[in-house]
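Engineer: Residue strings, one per chain:
There are 2 protein chains.
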Amino acid sequence: MPKVTIATVAERAGVSRQTVSNVLNTPEVVREETRARVIEAIEALGYRANQAARQMRTGRSRLIAVRIEPDRDGINGSVLDRFLHGLTDAAAPAGYRVMLYTATDDTEEIATFESLLTSYDLDAFVLTSTHHGDARTSWLAERGVPFVTFGRPWGAPDTHSWVDVDNAAGTAMATRHLLGTGHRRIGFLGWPAGSGVGDARRDGWASTLAAAGLPGTGLDVAVEDGIDSGAAAVADLLPSLDALVCASDSLALGALRAARESGHPCAVIGFDDTAVARVVGLSSVSQPLTEAAACCIDLLAGVLDRSAPPRQLLFEPSLVLRHSTPL
Amino acid sequence: MPKVTIATVAERAGVSRQTVSNVLNTPEVVREETRARVIEAIEALGYRANQAARQMRTGRSRLIAVRIEPDRDGINGSVLDRFLHGLTDAAAPAGYRVMLYTATDDTEEIATFESLLTSYDLDAFVLTSTHHGDARTSWLAERGVPFVTFGRPWGAPDTHSWVDVDNAAGTAMATRHLLGTGHRRIGFLGWPAGSGVGDARRDGWASTLAAAGLPGTGLDVAVEDGIDSGAAAVADLLPSLDALVCASDSLALGALRAARESGHPCAVIGFDDTAVARVVGLSSVSQPLTEAAACCIDLLAGVLDRSAPPRQLLFEPSLVLRHSTPL
Numbered sequence: 001m002p003k004v005t006i007a008t009v010a011e012r013a014g015v016s017r018q019t020v021s022n023v024l025n026t027p028e029v030v031r032e033e034t035r036a037r038v039i040e041a042i043e044a045l046g047y048r049a050n051q052a053a054r055q056m057r058t059g060r061s062r063l064i065a066v067r068i069e070p071d072r073d074g075i076n077g078s079v080l081d082r083f084l085h086g087l088t089d090a091a092a093p094a095g096y097r098v099m100l101y102t103a104t105d106d107t108e109e110i111a112t113f114e115s116l117l118t119s120y121d122l123d124a125f126v127l128t129s130t131h132h133g134d135a136r137t138s139w140l141a142e143r144g145v146p147f148v149t150f151g152r153p154w155g156a157p158d159t160h161s162w163v164d165v166d167n168a169a170g171t172a173m174a175t176r177h178l179l180g181t182g183h184r185r186i187g188f189l190g191w192p193a194g195s196g197v198g199d200a201r202r203d204g205w206a207s208t209l210a211a212a213g214l215p216g217t218g219l220d221v222a223v224e225d226g227i228d229s230g231a232a233a234v235a236d237l238l239p240s241l242d243a244l245v246c247a248s249d250s251l252a253l254g255a256l257r258a259a260r261e262s263g264h265p266c267a268v269i270g271f272d273d274t275a276v277a278r279v280v281g282l283s284s285v286s287q288p289l290t291e292a293a294a295c296c297i298d299l300l301a302g303v304l305d306r307s308a309p310p311r312q313l314l315f316e317p318s319l320v321l322r323h324s325t326p327l
Numbered sequence: 001m002p003k004v005t006i007a008t009v010a011e012r013a014g015v016s017r018q019t020v021s022n023v024l025n026t027p028e029v030v031r032e033e034t035r036a037r038v039i040e041a042i043e044a045l046g047y048r049a050n051q052a053a054r055q056m057r058t059g060r061s062r063l064i065a066v067r068i069e070p071d072r073d074g075i076n077g078s079v080l081d082r083f084l085h086g087l088t089d090a091a092a093p094a095g096y097r098v099m100l101y102t103a104t105d106d107t108e109e110i111a112t113f114e115s116l117l118t119s120y121d122l123d124a125f126v127l128t129s130t131h132h133g134d135a136r137t138s139w140l141a142e143r144g145v146p147f148v149t150f151g152r153p154w155g156a157p158d159t160h161s162w163v164d165v166d167n168a169a170g171t172a173m174a175t176r177h178l179l180g181t182g183h184r185r186i187g188f189l190g191w192p193a194g195s196g197v198g199d200a201r202r203d204g205w206a207s208t209l210a211a212a213g214l215p216g217t218g219l220d221v222a223v224e225d226g227i228d229s230g231a232a233a234v235a236d237l238l239p240s241l242d243a244l245v246c247a248s249d250s251l252a253l254g255a256l257r258a259a260r261e262s263g264h265p266c267a268v269i270g271f272d273d274t275a276v277a278r279v280v281g282l283s284s285v286s287q288p289l290t291e292a293a294a295c296c297i298d299l300l301a302g303v304l305d306r307s308a309p310p311r312q313l314l315f316e317p318s319l320v321l322r323h324s325t326p327l
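Chains as they are written, first to last, in UniProt numbering: chain Y, 1 to 327; chain W, 1 to 327.
Among the clues, some could well be false.
Claimed, not checked - Where chain W lies over chain Y, by a calculated footprint (3+ residues, C-beta under 8 Å): (1) 86–99; (2) 272–281.
To be verified - Here are some chain Y residues the structure puts well away from chain W; computed CB gaps all over 10 Å: (3) Asp123; (4) Gly155; (5) Met173; (6) Ala193; (7) Glu224; (8) Glu261; (9) Arg306; (10) Arg311; (11) Ser318.
To be clear, the hints were calculated from the coordinates, so they are not data collected in a lab.
Everything numeric in this text was worked out from a predicted model, so none of it was measured.
Don't be surprised by glycine CBs; every beta carbon is placed ideally from N, CA and C.
Construct the complete structure from the given sequences, taking the supplied hints into account.
Structural biologist: So, in structure tokens, the structure goes:
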């Protein structure tokens, strides 16, 4: 029996070899009826694409790897789940599939890189949760492994392609809204100093207050993320405040609870516009996660083709207003 | 230069070939310092495992595919995200990685099966959201593609391995709790008849009421999932009720809102113990998703080895009590 090739399939289906290739690699770009005809030919002839042969031909595995974040309190972690949904949705039409891995810190993630690169033929990585002194990007860059990051290279030069959301712009927007609705004693509930994202969110609040000629000193408090920790941290500060910008929805939920329990009214704005914020009526800064994920896939194409120099894209967040910030 | 093989790497690292293989396939089972030594040898010798060759040797790609569900209201969809976290966590120590795909219905999912099977060497699929007349399982079974399902084969014979959570037991448990705390007019807010999961959740409520000699007639209402739809659907029913069991947390949140707005007190229990339920104090039935996901990976090993006949495992849910069901 003669060997079944893409050419044999193309001949039987009455299409070009490129069309057969498209059906195999990017079926989304092929019209439904053409796709059905090619698949009929593939099945009738018993054609089975050889992944290894295809990779040798194209130099591509069409697999990209991304870390799935630990399932924390189900509130802030859900942001990266939404990014993952966006990435998977955008990858398929571009001819890629997403492979998952887990890791608890940089060291474990780099060990996983090694394991994945020796065991699977991966085209690229999409890294999330970039941070100061991020050992992952230099490790990949030194070995010539293609990658893009969702998150800028905090404190490191812009030598790779990345997509990020302007965190400082988000809290600045929230602070301006509170100023515009008559609040003057606007506090900030954030994370301990040192995290790029957390510091940027604090800066957006501080610089907006300063630009309005208002003092921020003594109006901010830092604590590990969480509802309970947020409620405890803000309790003493509440009598001095009429509004509060928070670095996360979890912290904001804690602040809302503390305000309710103390009977001290306080407008509260969270960050990330999670499902919980929608349900409890918490105003929150929203990141365009679907757009950012699609952009990561776009940038990857340039990285893999070496067709473009590294590019960086910063998205603007938006502010979603609800009951927690009465006008 | 002589070809670098697993044997060469093993010799340099002073370990067995099996240990090198473990570092490549299941690094988690190798001690940290041994792993470091093997990786040093791999890097020094420039060894690069050939995925294609490895597959031909083992007949395994060590890749399994699972659908990522659309991001709906961020409440009920989060259950399958939690399942995905559990699956990814359990896959790695077993030597597997998880690849994602999306699909909006059975037809599109089967088209995606075809595309994935011709373009990637996949070992198996893990299917979620099984339902009556599920075309996906028979399609895979006819082609001899290994799979397990999270969800039983509603109305079809148990010819494949599956893991499920006993939905009826969950609502029965909720109903018994309400009976035990003195409620007598216990309603049910569920989905339109026809979905296996939804019908089972309704049955658990109905059979528990019947066993207690209480009438359920006229105390249930069915509506598409959602907070707003739940609130609207239950408004007319509330005056007849002192408690309500719901098929989802979204419906339960709608019921809580309707009860608050009508001023009619009503104990409410949701289903799935989502992050939102924890935050707003909604009692809810909790599925052991991490355990179910790990069990799917265990069953897959048997399916891939053809070492065991199909197995089926039904997990018991548990009831998490919060403010929405005052004692």
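Engineer: Does each hint hold? Answer for all of them.
Structural biologist: Hints, one by one, checked against the model:
1. 86–99: holds (count 6)
2. 272–281: holds (count 6)
3. Asp123: The assertion about Asp123 (chain Y) holds, with a minimum of 12 Å to chain W.
4. Gly155: At about 28 Å from chain W, Gly155 (chain Y) clears the 10 Å cut-off, so the statement holds.
5. Met173: Non-interface label on Met173 (chain Y) holds, nearest chain W Cβ at 22 Å vs cutoff 10 Å.
6. Ala193: holds, 27 Å
7. Glu224: holds, 18 Å
8. Glu261: holds, 14 Å
9. Arg306: holds, 21 Å
10. Arg311: Nearest chain W Cβ is 25 Å from Arg311 (chain Y), so the label holds.
11. Ser318: holds, 17 Å
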